[in-house]
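Chains Z and D are the protein sequences, given in the same order. Its first residue numbered 821, the first sequence is counted upward by one per residue in the working numbering. Its first residue numbered 180, the second sequence is counted upward by one per residue in the working numbering.
Because the hints were derived from the structure by calculation, they are not lab data. Any given hint could turn out to be false.
Stated by the list, open to error - Cut-off 30 Å, straight-line C-alpha distance, at most; resulting in silico cross-link-like pairs (DSSO-like, lysine-lysine):
{"no.": "1", "chain 1": "D", "residue 1": "Lys-382", "chain 2": "Z", "residue 2": "Lys-983"}
{"no.": "2", "chain 1": "D", "residue 1": "Lys-382", "chain 2": "D", "residue 2": "Lys-338"}
{"no.": "3", "chain 1": "Z", "residue 1": "Lys-949", "chain 2": "Z", "residue 2": "Lys-915"}
{"no.": "4", "chain 1": "Z", "residue 1": "Lys-975", "chain 2": "D", "residue 2": "Lys-224"}
{"no.": "5", "chain 1": "Z", "residue 1": "Lys-983", "chain 2": "Z", "residue 2": "Lys-859"}
{"no.": "6", "chain 1": "Z", "residue 1": "Lys-859", "chain 2": "Z", "residue 2": "Lys-908"}
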Amino acid sequence: MSGKNAFNRIEVRLAGEGGQGMILAGVILAEAAAIYDGKNIVQTQTYGPEARGGSSKAEVIISDGEIDYPEVINADFLVAMSQEACDKYASNLKKDGLLIVDSEKVRRVPLTNAIKLPITRMAVEATGKSITANVVSLGILVGLTNLVSREAIQKAIIARAPKGTEEVNQKALDRGLTAVEGLLSVKDKA
Amino acid sequence: MAVTLMQGNEAVGWGALAAGCRFYAGYPITPSSEIAEMLSRELPKYGGKFIQMEDEIASLAACIGASVGGVKSMTATSGPGFSLMQEHIGYAAMTEVPCVIVSVQRLGPSTGQPTSPSQGDVMQARWGTHGDHPIIVLYPNSVPKAFGLTVTAFNLAEKYRTPVILLMDEVIAHMRERFEMPPFESLTVIDRMGTNVPPEWYKPYGDTIGDVPPMPSFGSGYRYHITGLFHDVMGYPTQRLDEINPLVERMQRKINNHLEDILLFEEEETDDANTVIIAYGVTSRSARHAMRLARNHRHNIGLLTLYTIWPFPEEAVMRIGRSARRVIVPEMNLGQLALEVERAVGKHKVVRVNRADGEMISPQMILQAIEGR
């Protein structure tokens, strides 16, 4: 992957508002990489004191080697689910980094080559629940990048899904994966 | 156990269970709450007790009481609660009751910034309570270390009859890393020394068998007096200088004569280093990242990571000071342990790297110090 730097690190940032489940998405991505794909990971998070609202982000560093500094230095991948998240973190992306935004929540996108999809609306259409937008975003991220294997992300999502919500989460994942099936050129780049 | 993704706070909880902790009293506070959450769920399964107390003063009081009753005990808190616990940390030190206090630091002073990291309580952990008291403070820098050093904290508390503080960074507390928890039975677990002398011969604060008196549990037939006042070997208050001085000296001696056992640190690439970074907690990871980058550019940089910050590993730091031309001390505070480093190696050799705004020190900040910019 060209996204790797000299330290063999891939840096992922998932950011949005508190309550959108972006920290959980980070945990699931980290579990997929660490438990099911056997990679080394460090997952960190930043959030405000509020239970809902405020800003919230998860970071996942994935590497085949040791990970010392645990936070993102320059992100390879950024998923922004709010305008504030996009404004705050887009400039930190690597030059060849990939930006994914929820196009109905992020109106001003600073990069011309960003992936813009109505992630929350896709979640509502697929599952009837806007809270599955975080899982849809994981589907998009994994579909575009091969950060972790599809088997790994699927197992990690199902393992984290509350009992009785497995099917809903599976639908959300599939919606994300199929939405980017045609965008192979991006995948090759990653 | 299989590989799991574990949070630093959870690892502390498991470390406590592995070390034999069977009592937790606390008042939840960000960023330490996951420790209470985890132990409230797991302790009962191990036959232990979990109590949510009315505040942090009561929490540590309950831990001290449980420990006197023979049960290994722990509490966890953050800055504001740690401030309230200072009174009883002194009481535990004076009465020589083993206990473990976890403080996950947040940006202060006062309620500060609950979810932001800081290393601002380094001096408070050493000197927050009044009087010349002995204390041990351990400081993890990863999830596996959070587990391991919690076990060590209990072992040292029991072995030396002292409160032990596990000081943590918010980043380590909330970070998830791969961790394969070792089977509990594979770990070295130290229990306090009891006694088999007849109860009427027992001297609770005597020094006949060494600097750490045996400690039978309350309720086991050994009746003795415990007070925060200066006391004689039987535990009763005293104003006699020939009883006060030996107690002052023994309390210091029991720690200072065992530094080899207590001081934990790790040296990397220090042999040929003309610049050595001395760091602890999550900042040591920024330092190691910076060291690896600098080594790629042929800078001879070394790293001393401290896992025991109090007592201060003076000998190890002095040794670094003799071989290295320059010592860099990055801290997420305005310069606390740097004062000790300066004392040990000379102020002229020390370059401080500080920030106290709730953000981590980046490898770049340390690199700039290395390159003298």
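30 Å Cα cutoff - pair Lys-975(Z), Lys-224(D): 28 Å, holds
30 Å Cα cutoff - pair Lys-949(Z), Lys-915(Z): Roughly 35 Å separates the two Cα atoms, so the pair is violated.
Hint consistency between Lys-382(D) and Lys-983(Z) [alpha-carbon to alpha-carbon, up to 30 Å]: Judged against 30 Å, a Cα distance of about 58 Å means the pair is violated.
Agreement of Lys-983(Z) and Lys-859(Z) with the hint, judged by alpha carbon distance not exceeding 30 Å: 27 Å, holds
Hint consistency between Lys-382(D) and Lys-338(D) [alpha-carbon to alpha-carbon, up to 30 Å]: Cα-Cα ~18 Å, so holds.
Agreement of Lys-859(Z) and Lys-908(Z) with the hint, judged by alpha carbon distance not exceeding 30 Å: 29 Å, holds
Of the numbered hints given earlier, the model fails hints 1 and 3; all others are met.
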